[in-house]
Amino acid sequence: MNEAFTRSEKLAGLFLFLTLLIAVAALLVIGQGKAWFKSQRTYLVKFRQGYNLQPGSSVKMFNTEIGKVTNLRISRLTDRLEVVVTIRVLAEYADLICQDSVAEVQSPTLFGSEYLEISPGSPGKKPPIAEYGTIPSKEHKTLADYLEEFQPEDSLRRAKQILINIAYLTEKLKIHEKKLLTSLSNFNEVMASVLEAKGSLGKLLMQTDFYGRLELSLTRLESVLKDAAQITGDLKNTTRDMPALAQAVSQEVQNVKSILADIKQGSQEFPELMGSASEAARGGTEVVDALKANPLIRLTLPKQPPSKTIHVEPRNVP
Amino acid sequence: MSLKFWVLLGLTILLAYGCGAGPDPYGQQVNRTTTLAIQGQQWFSQGDLRRAARDFGRALEISQSIDYPAGVAQQLNNLGAVALEQGNLETAQELFNQALSLNQEIPDWAAASTNLANLATIAQKSGNLARAGEYLQAALAAAERSGANTARGRILCQLASWYLAQQDQGSAAVLLTQARPLATTPALQGTLNHHWGRLRLRQGNHLAALKHFNQALAADREILERAAMAADLFGLAETYEAQGELDQAFYYYSRAFDVYAALGKKARSEECRERLRQVNHKGRLGHSLKRFESQSEQTSSEKNQPAS
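Line order of the protein sequences matches chains R and B.
To convert, note that position 184 of the first sequence is 848 in this note's numbering; the numbers rise steadily by one, no gaps.
To convert, note that position 148 of the second sequence is 152 in this note's numbering; the numbers rise steadily by one, no gaps.
Same shape as in the complex, but just chain B (with noise of 0.2 Å):
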């Protein structure tokens, strides 16, 4: 027997497999739903806010047509995560909290450990701590429940987080090293590093800063996750500035107004204009900042629009 032969029996064998493929269409309409929630979080990523809830509510409602629970609550997460991008806390929360109740339902504790994640960032940025923290546990206890690694390092990223932003060094290192075992992903190798930054940096280490920023950026390079991107330019930047290399800082302030800009974050590159104006003075450097001020009025406002 040939080699010829064999070969184009497997094909024929293959083929007639091929043509003999059941239909499923249950499991194609799954698929359209992730492809749409995986386009959806594309244009999440670039902050395109409007075509994120388009593809999102799209996926929505193929998983509620199909009754499929895991689909729905990870389209309602994901638009609350919309919404919460817009500034619209009300809306986040509801949209948060139903996707948390079917998440104890089916049950999927990763996924509901996100969404108190989420619920966590709400309260932080409405300004009740105590209650972020409360949130904070409860997504720390899901995440341990669920036993994935990724889900339990992502949260005690972010409690470490909700430390620094109560001035806890001490506590926030602690979870930031149970942290760094459990970051395998680049996404969580990008926060974990962070965070070491942001804590290097409060405790004047700027050169231990720096380079955990620098790993930060790469790592959220490499996942192309832009708005993490503009914040580890932004430490990088302050890191300069406590430093007082202003013209290092200028440079790292202007990169990260531009990623800011360009993903409609109106309220951070305002941020990063007001710090490029100080630095500018307080340096002398002599820039011009008329590109940042005509860019700032510019910062596309129609990307964000509210999404129906």
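Okay, chain R solo, but in the shape it has when bound (with noise of 0.2 Å):
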């Protein structure tokens, strides 16, 4: 038996290749944006509750996606019961996940759920975490936590005393009144006898040419007071600029220290840099001389004038 494929079994055959075709690439667009195939690791979140997250929560970091959470479950294991959660991170950023990494949980503002932020550590100086490994966490704060921070028992307590306080100096005002009505009738009675020019203050107050002297020379501290008054004011106009120019120093200060810090950095790192650019040209010079040793490079090479040995002549010596 060897039956061709009629037209229409070949043309089915090849609609459902097509399909299959078109299929598998869709799900390798999906697969791709959706990080299928990228490599992820997994670590494990220790809380004292789980704050809402759910798997599918993101975990990110510098408020950008590295992975998700995977499973949440609550351990029996020690005595204080805690919440374990999983998570799976995009391999790429492990090496930002570190022993001084930290992850807590943060909670939207007023839309979205929460998720699971994760600082970076400081790789180089801290191992990375390996994989299962615990992320160092923090608990996040709820509503009834920063008021049990608050403490209101103890802010009445305080506004409490302070009333007491208040009610204390108004009685012990109520004393000494009868001794301040006094003191303002002596004081009255002293008005008198100046208003009539009785006394050495009441007839120095009286005498008319006094007044006239005190104007001009109140006028004359007016006119001093107006120059004094104008030389505070460019003062002023100067130091209102002094802290703008002391900015403005302070800001070039920082800009050469950073200068500074950057000629420092890359004065460490010119010796390497040299070491490799002359690693590099010393390559340069072997490819060349195994070039130059080839024969059929050799031949079309200008040939090289021999080195001499120098005679200095007595008409060319200084």
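No wet-lab data here; the hints were simulated from the structure.
Errors might be hidden in some of the hints.
[What the hints assert, rightly or not] Within a straight-line C-alpha distance of at most 25 Å, the following computed SDA-like cross-link-like pairs (lysine to any residue) qualify:
#	chain 1	residue 1	chain 2	residue 2
1	R	K710	R	S672
2	R	K972	B	H210
3	R	K967	B	R295
4	R	K967	B	Q193
[Claimed, not checked] To give a feel for the contact side, a few chain B residues facing chain R, derived at Cβ under 8 Å:
#	residue
5	A41
6	T118
7	Q128
8	G131
9	N153
10	T154
11	R158
Ideal placement from N, C-alpha and C gives every residue a C-beta, glycine not left out.
With the hints as a guide, bring the two chains together.
Take a look at the structure:
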């Protein structure tokens, strides 16, 4: 039996093949977008509670999604019950998750759902956390925690104490009211004597020419004060510019510091750079030497003149 | 068989031969020494003694590290030449002596004759003409032993110069005549014509002197031997001065000054400046000497800082 396929069978086969091809392509495109094919690493994070995290919640670093929460479970292994959150993070960011990284649940301001924020560690200074290792965590503060911190009872107790103190002061003032009234009556009598030009103070105050002289002095004083005000104004303007100037100077100093730091860093890298450059040059020379050694190339190269022993003639000597 | 077939076959054979070329690390290092030495010679010719010393030093290091005595001797001599140009006569003498010992052991008599001629230059510069004469006789013997015509011609020219320095024009003429058939290279032709020019100038034959100095200048320009070119220009200027053509003398002294100043040869450029002043005054030419005075002050001393 060696029957050939009919035309409709071939068409159906082709259709099926194309469909399969499109499905595979779509799967690949979706998988690429969802990072299915990217290598991922699993870590654990432990909290006192779940903070509404769910499988599928985002794991972020610098507000950038780097993975997902895959599982949450309550651990009974220790005396204290705790929630163990399993996360999967893209392997390319694994080097940023170090021993000094901290995981914390972040709540949305208005919309959205909770997510897990991981602070980057210090790659190079601290070792990275191995796969299935536990990332240090920081408990998320709830509203109840904040209220507890506020301690309303204590604040009320303090307010009550202040009111008691005010009442006590008022009572004390009432006791000294009589003495105050006596003092005011004495002051009244003194003022009457002054107005009648009695006593040295009264005479002094009631002399009219004294006021004339006083007015003159005051006019002069006014002029002096006006000048002083002008000077102060100028000074104020100058002083107003001072912070900006100081800021500019400070900015420049910062710039210079940054330049110096760059130069310092550059100078540290320079020997290494020179080493690499000289190594590269040496490599290049070796390649050129090897090329020159090739008879095919040697035939076409211009002949190198021989080096000579320099003869210094007396006519050329300074 | 078509031509295309044979061409392809030839190329294939060449390619196969090229791919199968054996490594030659020693030859490569020798080539590197040569390249560095040539580079150093170019710097030396341009008057950049610091760079010349650097390249000769590197070539010396490589030659020593690969046990290449000919290279070691050559670089010791060349470093001595740099020291001599810098006016460091003691160092130069020591280096020339080291090079001479090595060349005698190798033996390379042509190179040894150059070492001895350089030692003679030092002695002549120090004012010890008798010692210079001894060195030159030894150099001539070494050159004859080498059988190299250029080496012999070079020493004969320097010996003639030595006789000229002692006002012995007859002996100088004999030696220069002996050197004439040996001058087959532009360098030697330049040297030979320069000394003929000097001899003719002393003899008062100004026309012949001008002819020889011009021939020397053309030969030295061909190989771009700057210091020699400057010496030829100076010779031309001296001849014109002796002839009483002071305007021409001023022109050639100024050209010599420019080349010496570019080479950083302070003493020579100052000598030119002094001659320019004299000629300008004597001929009442009225040229401004400001350029020469300011340029003389700037004469690149940095180029000729003693190299370590």
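request  = Find the hints from earlier in the document that the structure breaks and name them by number, from lowest to highest.
outcome  = 1, 2, 3, 8, 9 and 10
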